[in-house]
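Spelled out from the first residue to the last, the chains are:
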Amino acid sequence: MAISGMSWNSKDLISTEELTADEILTVFKTAQAFKKILSRRTAKTPALRGKTVVNLFFENSTRTRVAFEMAATKLSADVMSLDMKTSSTSKGETLRDTVENIRALAADIIVIRHSSPGSAAYIARVLDIPVLNAGDGAHEHPTQALLDCYTLHEKFGELQGLKIAILGDILYSRVARSNIWVMKKLGAEVTVVGPATLVPREFEKLGVTVSHDLRSALADKDAVMLLRIQHERQNASAFPSLNEYTKMFGLNKTRLSWLKKNAVIMHPGPINRGVEIDSELADSSQSVILDQVTNGLATRMAALYLCSGGKAESLVE
Amino acid sequence: MSEAIWIKNGRVIDPENDRDESGDLFIAEGKIVDRPSKASLERATQIDASGLVVCPGLVDLHVHFRVPGQTHKETILTGTQAAAAGGFTSVVCMPNTNPPADTAGTIQFIKDAVGREALVNVFPTGCITVGSNGERLSPTGSLRDAGVVAISDGGRCVQNNGLMRRAVEYAHMFGIPVIDHCQDYSLSADGVMNEGFISTKLGLRGSPTEAEDIMVSRNVILSAKTGARIHLQHITSKKAVDIIRRAKSRGVNITAEATPHHMSFSDKEISSFDTNFKMNPPLRSEADRAAILEALKDGSIDCIATGHAPHTDYEKDVEFDNAPFGVIGLETALSVTLEQLYHSKRLPLSDTLSLLTNRPSEVLQLKKGNLSLGTDGDVAILDPNLEWTPHSESFHSKSANSPWIGRPLKGKTVKTFVSGKLIYEDGRIL
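Taken in order, these protein sequences are the chains called H and P. Here the first sequence is numbered in this note's numbering, starting from 1 and rising by one per residue. Here the second sequence is numbered in this note's numbering, starting from 1 and rising by one per residue.
Worth flagging that the hints you see were computed from the coordinates, not collected in a lab. Only a predicted model underlies this, so the values are computations on that prediction, with no experimental measurement involved. Be aware that a few hints might be false.
[Said to hold, decoys possible] Subject to a maximum C-alpha distance of 27 Å in a straight line, what follows is the list of computed DSS-like cross-link-like pairs (lysine-lysine): (1) P/Lys-111 - P/Lys-367; (2) P/Lys-421 - P/Lys-410; (3) H/Lys-85 - P/Lys-316; (4) H/Lys-185 - P/Lys-268; (5) P/Lys-316 - P/Lys-248; (6) H/Lys-205 - P/Lys-238; (7) P/Lys-31 - P/Lys-421; (8) H/Lys-29 - H/Lys-185; (9) H/Lys-163 - H/Lys-247; (10) P/Lys-268 - H/Lys-205; (11) H/Lys-11 - P/Lys-316; (12) H/Lys-11 - P/Lys-268; (13) P/Lys-345 - P/Lys-268; (14) P/Lys-239 - H/Lys-91; (15) P/Lys-316 - H/Lys-205; (16) P/Lys-421 - P/Lys-367; (17) H/Lys-260 - H/Lys-184; (18) H/Lys-184 - P/Lys-268.
[Unchecked claim] Coverage of chain H stretches by chain P, computed from C-beta distances (three or more under 8 Å per stretch; other residues unrestricted): (19) 45-57; (20) 94-104; (21) 117-127.
[Unchecked claim] Derived DEER-like restraints, expressed as beta-carbon distance ranges: (22) P/Ala-290 - H/Lys-205: 40 to 50 Å; (23) P/Asp-313 - H/Asn-252: 48 to 58 Å; (24) P/Trp-388 - H/Asp-22: 41 to 51 Å; (25) H/Asp-213 - P/Glu-286: 52 to 62 Å; (26) P/His-391 - H/Asp-22: 32 to 42 Å; (27) P/Arg-250 - H/Lys-205: 36 to 46 Å.
Virtual Cβ for every residue (Gly too), placed ideally from N, Cα, C.
Bound-form chain P, shown alone (with noise of 0.2 Å):
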């Protein structure tokens, strides 16, 4: 630890910081330093960047570790060894787990697990309400105090209107930021994927944009109202990105995620009944797509999460209403990002690199994804143009249900530093 890195001659970007130019990067003490002095510089590792993209680690505010109660799906160690080799080095865990991460004893339980495995930084959130049933408060300051950075039902949705207004009143006096995943469920019912034109031709059960909309307003309702800070997951439709452009401009304290998933796809995708395109909010259409990306472009969507949903392969090798919504994604993110936003030119890249990293730290105040001086040396070293096609075998995750596989990629993390340790090289977990 105590060893000094030089990384040499990369393109450095740090948007925070609004850094863009080409240059070293210097790590000693697992922290970024200024250029140190020349007799610690020769003692130095040096890693040649040239070509090469140097950036603050990658920030995930959604991931589904599995832990407690699901490790066959994915592990702390095999889900930050996915972090790792996707360039992530900070990502936020959901609470979805079994038993239900509601009580500060599982927080424990998800930190002492981190303690032992993780290759990255972890960070935990509790639930929303006990047990995730949307019935009770879970005990958010005790969660607060165990070390949760927010608090989410993860997965589900809070239905009573009056008891999300109570939660976020209630975490906002502990400045916690609750994050929701808008669906009413009178609306999304017993949808397996978007209702459109697809859903009406192959005959599965559709669930409306209106499902998301409808929350998404409420959410802006209810934090114009108390101030609170509500984050919305994984943005679809183009009526919610409407709703949220108009409350941002009014200044309501609302932030925005959308995945690499729905940047990318639509429901066509479905027509093979291919489960691996089976997610919850599903792929919407065309013009949806078109719709967050503008977003993303235009800032009103805040910033890129993966929802990384590990689940096996006998899991969604079933009849596509049977298999479970959700797909991986930390190992893609970074490449998929960099093809639908700048390589087809809808940004620059230092632009497109933000929405993975001071951005979405900003939203739930990380202090991470930048490369300021003094902060923890997480870094990524990319290749913005290395070609690559995943197959099932290439994933560190446990799990290898990804909608890419067998699709040509194009970039790649090539390192990946946490605290100024290299965690990753070159496809392998060192």
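Chain H with its partners taken away, still in its complex shape (with noise of 0.2 Å):
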């Protein structure tokens, strides 16, 4: 894939979908510069200092907020992190108020997680500062999937051509979503696989293939992404019971062995071991799945440092 340089335009992250694959390779680029500063003795940097960024959590991570914190106190800005749950919109405060009192404390930078799909574009255009989608309901979380395909890109050098499967609950997951945009731009072949409730035909239109039969589904991929189970977000029972799952579609050592031999393994966590992945593969060799972890802290220095009009040629020599 051609490469035209640096490019990032936005002052906010909002969803991969109106990511370019330029825009995407730019995130990847300041990750990998941000790696290598990580791995120094004195692993942080000057770039956002005197900034603060208020992290808004409506919704319950312990991951993502960490990372987003950690990321910003890297770049050396001064970090809030908020749990909403129990702020003022118990007492019945609107999300604009919300934000627009927070904004007036001087926030430079929000990072918003919320239940609803398009709270986070919704608050971009309410606010003239930097805001970071960190999940808005099913529909998308943007740095989830640059730091998934971020991981993949270090393993196998691009994502042309690569042969991914997306296993478990489609119909609920941002991760998926934002992680199909991604992996399209970037000219990866997707399939998306488990119970025909949680895998609406409905995909096939992002240019994936939909997938029902995890044997097929899994044959010559290069990785196999799992979802969790996400109980919090089914109101009605798509499948019978988490034991059947684990029947059908739980990833173990024989059904691994469908895929290609250097294949990995990916989950953006919490996983649920012996629900979705048997508890050994997740420690196995051909898991990234903490790599992810690691690289998540770099994607999300890189997002926080392009949004807040840092030039990724000022850190790539």
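Fit the two chains together into the complex; they arrive one by one in their own frames, and the hints show the way.
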């Protein structure tokens, strides 16, 4: 794939749908530069010194919130994380009023996680400061997809021509949606697989193959991305039981052998050991689950840096 | 009121009486009359309608005027001002108020407000079930005596088929039609938009057309069994249209309406998460939209109704999931209908106006929407080619939750008369 230099023009990172391949590769390059910095003894840069990053989490998160906190800290920003479930929203304040108040307290960058699709885009329209989407309902989770694909980019050199299966709860997954956009834009072939009730045919229109047959879906793939079964989003039971799910769609040793020999196992976490993945596979040499977490830090540094006007060129010598 | 009005040189269109000709229309003592004597003509107020269309005041079977209980969204005054500005002279208001209109007392409260404030004819409806909870029948006979023209659980759908059967049987005894918002809750669940590719892409929870189709089928079956008139609100689905078309060919006593927004938009509009495109039933696919237009053309759907559902800006200015369902429609319905049916050459002008005049009137036997001699002088004068663009300040409604803000439209009401009284002229309520 031709790379025409560095590009990033947005103050916000709301979705991967709206990113160009060029912008995605810019994030990768920037993440790579930060990864180098992180490997130094004093793993910190002054890039965002004097700025305040506010994490607004209207939904539970440990991994993403901590990764954003770490990323902001490593960039020398001041960082504040607010658990919005216990805050003014429970007193009836609207989202607009909440974020306008936080803006008035001199926040420079907002990172938001919210259960409602479109809420990050809504806040980005309301505010004149950078807004980063850390997950809006089942819509998008752009930094997760960027770190996932950066991990694949590291392992395989490029995504062009890679065959990737995404397995599990696709319907309720913002991770799947954001990954599909990035993977397609970088030239990968994507198959989404899982029970018919969680993998609707409509996904075909996003340019992916929809499958309910695990064997053919995994055959010859370079990577399998497992998604957690999200109990909290399933208002109606989409399959009979977790036990049945594991029997039909859980990844085990036999099923792993259907993939290419050097295929990698990915999972955005948190994993349910023994449900979507056999415990030993999560710790196997083919698993890149912890690489994803490490890359998550560098990728979020890249996202914060680019959205606040940082130039990729000034990091990459 | 005793003054005569002489509307001259317009194109008079009265679909009920098959009239479509250049000519004059006369109103005296508040009623449509034949050419009066020369003496009274000399004293008449003359209105030049050359180049304009003179037609019956429009009839809307589906508005929410929020009285009692939600007057921050709309009142009888502002709602009827919006009606007048849109050319509507008769509206049927839904009973999903606070409290719901499930007793004769609440109907009387609404009628009192109408008596004080209304600029146009307002016909109330009462609830099918107590509190619109879908559990016990409301006192339909008392509601009829209090003056309702139909019963409906306005915005809600009776889920219990046995109860719905009793409701239509019971109301049929009084000659009162049952109006239903067709939606199976187990299928629509907590959906906030149409289930399809767009909802899949956006991660918004979808409500499938089958939620409508199944309840339309249920109502067809109950109407066929009981002979009772059931009116199906805001039909949006291609399959539902097919069910209605076949039921009508068998003579089942059902009628149906469609809204201007379902005629105009598909769920693609929601890609920007604009809450002015959030309504229930939701905007459907392009194929569904095409089927609605076809059904209006061939008569499978009887009429156009706005579903005028006012909500304040601060209620709509929230996350898509949290915004209330509904859009206003009274002030744009005529323009949009002309655009979708007449200017697009799907129907001649008279047939297009019929969907907003005599045909809705027939559904509930309102005896409105025509220019027959001796009827009330409810008249709209329209300029079918006037181009305008609504903006948030354009509306007479108390709310401005319109999906047409910023979109150029063609065709507009220029004058509205109720019982021979000019109440609206060129953008102003008189």
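Hints versus structure:
1. About 19 Å separates the Cα atoms of P/Lys-111 and P/Lys-367, which keeps this hinted pair within 27 Å; it holds.
2. For a cut-off of 27 Å, the pair hint linking P/Lys-421 to P/Lys-410 stands: about 26 Å separates their Cα positions.
3. With a C-alpha separation of about 22 Å, the suggested pairing of H/Lys-85 with P/Lys-316 holds against the 27 Å cut-off.
4. Taken as a hint, the H/Lys-185 and P/Lys-268 pair is honoured in the structure, with Cα atoms around 22 Å apart against an allowance of 27 Å.
5. Restraint check for P/Lys-316 and P/Lys-248: the C-alpha separation of about 38 Å exceeds 27 Å, so the hint is violated.
6. Using a Cα cut-off of 27 Å, the hinted pair H/Lys-205 and P/Lys-238 holds, with the two alpha carbons roughly 21 Å apart.
7. Restraint check for P/Lys-31 and P/Lys-421: the C-alpha separation of about 10 Å stays at or below 27 Å, so the hint holds.
8. Of the pairs offered as hints, the one joining H/Lys-29 and H/Lys-185 holds, with about 16 Å between alpha carbons and a cut-off of 27 Å not exceeded.
9. For the given pair, H/Lys-163 sits about 24 Å from H/Lys-247 by alpha-carbon distance, which is consistent with the 27 Å threshold.
10. For the proposed pair P/Lys-268 and H/Lys-205, the alpha carbon gap of about 14 Å is at most 27 Å, so the pair holds.
11. Proposed proximity of H/Lys-11 and P/Lys-316 is supported: the alpha carbons are some 26 Å apart, at most 27 Å.
12. Distance hint between H/Lys-11 and P/Lys-268 is fulfilled; the C-alpha atoms sit about 26 Å from each other, no more than 27 Å.
13. Note on P/Lys-345 and P/Lys-268: the hinted pairing holds, with a Cα-Cα distance of about 24 Å set against a maximum of 27 Å.
14. The suggested pairing of P/Lys-239 with H/Lys-91 is violated, with an alpha-carbon distance near 44 Å, which exceeds 27 Å.
15. Simply put, P/Lys-316 and H/Lys-205 have alpha-carbon atoms about 30 Å apart, too far for the 27 Å limit, and the pair is violated.
16. Between the alpha carbons of P/Lys-421 and P/Lys-367 the distance comes to roughly 19 Å, so the proposed pair stays at or under 27 Å and holds.
17. The suggested pairing of H/Lys-260 with H/Lys-184 holds, with an alpha-carbon distance near 20 Å, which does not exceed 27 Å.
18. With a C-alpha separation of about 22 Å, the suggested pair H/Lys-184 and P/Lys-268 falls inside the 27 Å cut-off, and the hint holds.
19. Proximity of the region 45-57 of chain H to chain P, defined as three or more residues with a beta carbon under 8 Å from a beta carbon of that chain, is not established by the 0 residues found.
20. Proximity of the region 94-104 of chain H to chain P, defined as three or more residues with a beta carbon under 8 Å from a beta carbon of that chain, is established by the 3 residues found.
21. Check result for the region 117-127 of chain H against chain P: holds, 5 residues qualifying (beta carbon to beta carbon below 8 Å, three or more required).
22. Range check, P/Ala-290 to H/Lys-205: Cβ separation about 19 Å, and the 40 to 50 Å hint is violated.
23. About 54 Å separates the C-beta atoms of P/Asp-313 and H/Asn-252, a value consistent with the hinted range of 48 to 58 Å.
24. The supplied range of 41 to 51 Å is met by P/Trp-388 and H/Asp-22, whose beta-carbon atoms lie about 43 Å from each other.
25. One distance hint, 52 to 62 Å for the beta-carbon pair H/Asp-213 and P/Glu-286, is violated here, with the actual separation near 32 Å.
26. About 38 Å separates the C-beta atoms of P/His-391 and H/Asp-22, a value consistent with the hinted range of 32 to 42 Å.
27. Between P/Arg-250 and H/Lys-205 the Cβ separation comes to about 37 Å, which falls inside the hinted range of 36 to 46 Å.
In terms of the numbered hints stated before, the structure departs from hints 5, 14, 15, 19, 22 and 25, listed from lowest to highest.
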